[in-house]
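Enquirer: As a plain string of letters, each chain reads:
Number of protein chains: 4
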Amino acid sequence: MLDYGKQILSEQPFSVLLGAELTAFDEGHAELSLAIRDELTQNYGFVHGGVLSYLADNCITFSAASVLGKCVTSEYKINYVRPALGKTLIARSTVLSFGKRQATCECKVYVLGEQGEKLVAVALGTISKIE
Amino acid sequence: MLDYGKQILSEQPFSVLLGAELTAFDEGHAELSLAIRDELTQNYGFVHGGVLSYLADNCITFSAASVLGKCVTSEYKINYVRPALGKTLIARSTVLSFGKRQATCECKVYVLGEQGEKLVAVALGTISKIE
Amino acid sequence: MLDYGKQILSEQPFSVLLGAELTAFDEGHAELSLAIRDELTQNYGFVHGGVLSYLADNCITFSAASVLGKCVTSEYKINYVRPALGKTLIARSTVLSFGKRQATCECKVYVLGEQGEKLVAVALGTISKIE
Amino acid sequence: MLDYGKQILSEQPFSVLLGAELTAFDEGHAELSLAIRDELTQNYGFVHGGVLSYLADNCITFSAASVLGKCVTSEYKINYVRPALGKTLIARSTVLSFGKRQATCECKVYVLGEQGEKLVAVALGTISKIE
Numbered sequence: 001m002l003d004y005g006k007q008i009l010s011e012q013p014f015s016v017l018l019g020a021e022l023t024a025f026d027e028g029h030a031e032l033s034l035a036i037r038d039e040l041t042q043n044y045g046f047v048h049g050g051v052l053s054y055l056a057d058n059c060i061t062f063s064a065a066s067v068l069g070k071c072v073t074s075e076y077k078i079n080y081v082r083p084a085l086g087k088t089l090i091a092r093s094t095v096l097s098f099g100k101r102q103a104t105c106e107c108k109v110y111v112l113g114e115q116g117e118k119l120v121a122v123a124l125g126t127i128s129k130i131e
Numbered sequence: 001m002l003d004y005g006k007q008i009l010s011e012q013p014f015s016v017l018l019g020a021e022l023t024a025f026d027e028g029h030a031e032l033s034l035a036i037r038d039e040l041t042q043n044y045g046f047v048h049g050g051v052l053s054y055l056a057d058n059c060i061t062f063s064a065a066s067v068l069g070k071c072v073t074s075e076y077k078i079n080y081v082r083p084a085l086g087k088t089l090i091a092r093s094t095v096l097s098f099g100k101r102q103a104t105c106e107c108k109v110y111v112l113g114e115q116g117e118k119l120v121a122v123a124l125g126t127i128s129k130i131e
Numbered sequence: 001m002l003d004y005g006k007q008i009l010s011e012q013p014f015s016v017l018l019g020a021e022l023t024a025f026d027e028g029h030a031e032l033s034l035a036i037r038d039e040l041t042q043n044y045g046f047v048h049g050g051v052l053s054y055l056a057d058n059c060i061t062f063s064a065a066s067v068l069g070k071c072v073t074s075e076y077k078i079n080y081v082r083p084a085l086g087k088t089l090i091a092r093s094t095v096l097s098f099g100k101r102q103a104t105c106e107c108k109v110y111v112l113g114e115q116g117e118k119l120v121a122v123a124l125g126t127i128s129k130i131e
Numbered sequence: 001m002l003d004y005g006k007q008i009l010s011e012q013p014f015s016v017l018l019g020a021e022l023t024a025f026d027e028g029h030a031e032l033s034l035a036i037r038d039e040l041t042q043n044y045g046f047v048h049g050g051v052l053s054y055l056a057d058n059c060i061t062f063s064a065a066s067v068l069g070k071c072v073t074s075e076y077k078i079n080y081v082r083p084a085l086g087k088t089l090i091a092r093s094t095v096l097s098f099g100k101r102q103a104t105c106e107c108k109v110y111v112l113g114e115q116g117e118k119l120v121a122v123a124l125g126t127i128s129k130i131e
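Going down the list, the sequences are from chains A, B, C and D. First residue of the first sequence: 1, per our numbering; consecutive thereafter. First residue of the second sequence: 1, per our numbering; consecutive thereafter. First residue of the third sequence: 1, per our numbering; consecutive thereafter. First residue of the fourth sequence: 1, per our numbering; consecutive thereafter.
Since the hints were derived computationally from the structure, they do not count as laboratory data. Treat the numbers as computed from the prediction; the structure is a model and nothing was measured. Treat the hints with care, since some could be wrong.
The list treats identical chains as interchangeable, and a pair is accepted whether it falls inside one copy or across any two copies.
[Said to hold, decoys possible] With a Cα cut of at most 27 Å, we get these calculated DSS-like pairs of lysine-lysine:
1. K118 - K100
2. K108 - K87
3. K118 - K129
4. K100 - K6
5. K118 - K70
6. K70 - K129
7. K6 - K129
8. K100 - K129
9. K70 - K87
10. K118 - K108
11. K70 - K100
12. K6 - K118
Whenever a hint applies, use it, and build me the whole structure from the sequences.
Expert: Below you can see the structure in the form of structure tokens.
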């Protein structure tokens, strides 16, 4: 299942551009990681919020895909709780509820640095099955 | 004011990587545009939601900066309403309300193609002044 | 159409308990108003956020119902932008986009007092057709 | 601490009108419960979304108050995941992150019926300290 997920991710040019990797993928869960590099920052030197958003958005779609099959993010909300400074971003998403046509998923994004993992963003969203 | 905004945008490596341009910037408003290219798509050939999110997030921060000064997005929500296929993305943000420390802004993201502009996403968020 | 909408509202016991009235209802739009009374406040004397949420939630469902038929709110986000003090709350919702199964709607909630209308909350949400 | 929280809740006329009770309150957590009655339903016989929203909104404010002191909900998002039918609603909120001026909190709302607890809504929001 992880191999299948990695295949899908490799077919997303934007994910390849950013360098995201699928590091876990099983029923109701997905984990993406991303190496931080200068190109991904904003004018204060932190990882750009758009990168955190991309990661959360993609991660909730993967976790939902584990129960829905082909699907796209319909909407989500993200709270940035701390500036992201470190080596690697890790997003972990869990399906909270799902039916035939959509799933509600949460995602927590952490930055991994010298002091371990720190929460940098939290997201909650709806993913819809493609028919 | 537009020149100052363009300067800030050029200092965001992630915005440079994606190719965003600030096309309007005045009190309470900002407009960003972005040329669509293959690198920005997902596995179904549409612009990746993460790109739309980046654009909305950055655009609401710019509109808020026009009334708050230095600021960062604290949180936002985005609804994807139509797959984004076309030549250019255009995001327009308006400040709905603001105080000394934060602003509430909305943003609409359009795709410009052969049939004119079409709404592809809508966002609503909170931007906090940096002190 | 307004009469039909008023009929539906009168069949919602919670709307009757709060005293909401449907004051406009046409394709893509709905307006609800609510007289403020002490019972609807919180411990600082302002209208309780839950009342503003109720009003926004219900108003987006009505605006969506004008294009979808029977439907329920799937999710929404609300930003409270100013404490609500005054005589009457007025919520106005607009459908931003819709398909066969769901609509994306925004809503602005105003308080009407001696100095006219003031924006107190803004919401954005997804409404799903019931099948 | 629970007694202090119950005192605050009893000073919210809207919470008294709806019948909410604070059933747990400690650092970083709060739990509210609410007996379901006909007055709280909508036209399909389920608990009105506005009641779930009220409960989630109030619960995240209580959990945040446990770490911030006096505070108000600034914004939140809620996903309704299942119609609420049963005897009692239970909302549980946890502080995910907080600083000097605001906290990010999540809340899950359950309905308690003959088959035990079922998740009916999930919320994520920002609570701001009052100064």
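Enquirer: The structure should be examined with respect to each hint, and the outcome stated for every one.
Expert: Cross-check of the supplied hints:
With identical chains, the CA atoms of K118 and K100 are at most 27 Å apart between copies only, with a shortest distance of 18 Å across copies and 35 Å within one. For the homomeric pair K108 and K87, the shortest alpha-carbon distance inside one copy (17 Å) is at most 27 Å, but the shortest distance between copies (32 Å) is not. Taking the shortest alpha-carbon separations for K118 and K129, only the inter-copy value of 23 Å comes in at or below 27 Å, while the best intra-copy value is 32 Å. For the homomeric pair K100 and K6, the shortest alpha-carbon distance inside one copy (24 Å) is at most 27 Å, but the shortest distance between copies (33 Å) is not.
In the homo-oligomer, the alpha carbons of K118 and K70 lie at most 27 Å apart only across protomers (25 Å), although the nearest pairing inside one protomer, at 31 Å, exceeds that limit. Taking the shortest alpha-carbon separations for K70 and K129, both the intra-copy value of 6 Å and the inter-copy value of 21 Å come in at or below 27 Å. Taking the shortest alpha-carbon separations for K6 and K129, only the intra-copy value of 19 Å comes in at or below 27 Å, while the best inter-copy value is 34 Å. Within a single copy, K100 and K129 get their C-alpha atoms as close as 8 Å, and across copies as close as 14 Å, so both meet the 27 Å cut-off.
In the homo-oligomer, the alpha carbons of K70 and K87 lie at most 27 Å apart only across protomers (26 Å), although the nearest pairing inside one protomer, at 31 Å, exceeds that limit. For the homomeric pair K118 and K108, the shortest alpha-carbon distances inside one copy (10 Å) and between copies (23 Å) are both at most 27 Å. For a Cα distance limit of 27 Å, the shortest separation of K70 from K100 qualifies both inside one copy, at 12 Å, and across copies, at 19 Å. In this homomeric assembly, K6 and K118 come within 27 Å of each other (Cα to Cα) only inside a single copy, at 25 Å, whereas the closest approach across copies is 32 Å.
Figure legend: structure checked against the earlier numbered hints; every hint is met.
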